[in-house]
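Here the protein sequences line up with chains A and B, keeping their order. The numbering of the first sequence is this note's numbering, which starts it at 1 and goes up by one. The numbering of the second sequence is this note's numbering, which starts it at 1 and goes up by one.
Derived from the structure by calculation, the hints contain no laboratory data. One or more hints might be untrue.
[Claimed, not checked] Dumping the calculated PhoX-like pairs for lysine-lysine here, alpha-carbon to alpha-carbon at most 25 Å:
#1 B:Lys201 with A:Lys201
#2 B:Lys2 with A:Lys2
#3 A:Lys308 with A:Lys280
#4 A:Lys7 with B:Lys280
[Said to hold, decoys possible] Okay, the calculated bits of chain B under chain A, using three or more residues with CB under 8 Å as the criterion:
#5 4-16
#6 259-265
#7 292-300
For glycine and all other residues, C-beta sits at the position ideal for the given N, C-alpha and C.
In case you want the letters, here they are:
2 protein chains.
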Amino acid sequence: MKKLINKPEDVLVESLRGVAAAHPELSVDLDTHVITRATPKEQGKVAVVSGGGSGHEPLHGGFVGVGMLDAAVAGEIFTSPTPDRVQAATKAVDRGAGVLHIVKNYTGDVLNFEMAAELAEMDGIEVGTVVVDDDVAVQDSLYTAGRRGVGLTVLLEKIVGAAAEEGQDLAAVVALAEKVNAQGRSMGMALTSCTVPAAGKPTFDLPDDQMEIGIGIHGEPGRHREPLAPASDIARQLVEPILADLDLTGPAIVMLNGMGATPQIELYLMYAEVAALLEKAGVQIARNLVGNYITSLDMAGCSVTVLKADDEILRLWDAPVITPGLRWGA
Amino acid sequence: MKKLINKPEDVLVESLRGVAAAHPELSVDLDTHVITRATPKEQGKVAVVSGGGSGHEPLHGGFVGVGMLDAAVAGEIFTSPTPDRVQAATKAVDRGAGVLHIVKNYTGDVLNFEMAAELAEMDGIEVGTVVVDDDVAVQDSLYTAGRRGVGLTVLLEKIVGAAAEEGQDLAAVVALAEKVNAQGRSMGMALTSCTVPAAGKPTFDLPDDQMEIGIGIHGEPGRHREPLAPASDIARQLVEPILADLDLTGPAIVMLNGMGATPQIELYLMYAEVAALLEKAGVQIARNLVGNYITSLDMAGCSVTVLKADDEILRLWDAPVITPGLRWGA
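Please model the entire structure based on the sequences and the hints provided.
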């Protein structure tokens, strides 16, 4: 295992220490692994909380800030945070207008956020929840029942974060989150496995001449393995299942996401392939992201996310955002 | 070789096609591999041009935009762009107030930019040049005489780009560039080799239990190899040579840069180590960057850059910048 770490069991807290040192605009609790804005938003606005296992950086901690999340709860690597920590984060950021939980559809996350919501409601905090399940690759998997939540989470956190920031109420924010989840789809692939520090060896074996299509962000199995193929063929295998699943013609936001170890020169090359295929199919790419946004430790590979957009979604997308992972307009 | 590419010989132009598709605010010439702003800066301001071999993305093309570069010239992977293309870029962005060339100290780049400057001057364009040579690791190397130009280039392009944007004249911009170069130092290390697509195999062999300290951004040799060590030890081996080379006490801008295949969770962990060592030595970190800014294809590893800062440098650092690779304040 070749990693820039000290002891495997200290990776999360030592990385959070770096986040704290690098970003004075964030507050990082090294005991609970909760990241919040150093300056909370105004009283009377909905707060937005997300979280899940670590190893997907910048998701979620890197999306805390003005216009996006109020708090992120970082579990151990690929492990859901416990309900009490999600509850603590919820309580910490509530500004009297309720809190939205953004949960990726993995069994542990769904259960723990559900329990946290119940605990928070006992504290008198109104909680709304959206469960993101955008991955068209597989139905049911190692970590989840139903579709997995992957890349769309990034776009949803941005759009819903903007709605909360401008003062929309909890019902409106929840409805928007459900709309975004219904209108977005993702699909990923891996050239290599990832290596969880505590395991010390790759999660799975993928021979030097093979790739895996439909991989999950924890290295859980995808649809199938096949020999390495050109980028144009990979792009087709990612785009076609997305388009087959939902009518995405018209304006859209598209993300070409790196899995952690794939350099930008390759991500841009893949984006050119993906964009050409989407546009040929009638998708009008109104906005895009190309880079590492939801990763799987040191996995090499990429994923594609397409979100059907309307004027309202684009307006919220363009609203100012100031986070370590996404920043514009301010 | 596991990469998201089609044919190795098409990687650069196909990646540039992705840059063009993703960034309508840039103009990408797919014949000359020159990236410019779609909307040029006002007449009467100094223009800033950089470039060099590709494979270091986001450097340089990802730093074209308001507040930073006017043009970037992308050579083939790890290969200097030819003088005629640098000349064409210089001519394209000249707004009548002269052009600054930012050149990393590699023999090919220095020669080609020198020739391009002569050609541009024959066209009546005044050219100033700064050669960045911040790498304390080695004196002379496979690609260069003297010290190599590495991470400081990112900081210099931002600071000098801001000075040009606010209307400082060519003499002032050149003097600032030289000051920044004199006040900054870098040092890098690798956990793995990179693989140049055309070569199809790793540039060098680095056993599974070894790392290389003082590596260059083309995989050229560093100071020495040794067994894998904890992050705290690696941090010390990067910071100590920097501090031994220059008095960097007082305010500074610090960059913890990823080499391309190292995930953010590790970069933040390394930043915590590096920041603690620097602060103990009297460096006051006023600003920082943690992420992939000057990479070496799919190399795993990191580098540290420290730039001694004063009020003027910090003011220019904080000025608005709108590029794919760095963005804030607008």
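* Hints the structure violates: just list their numbers, smallest first. => none
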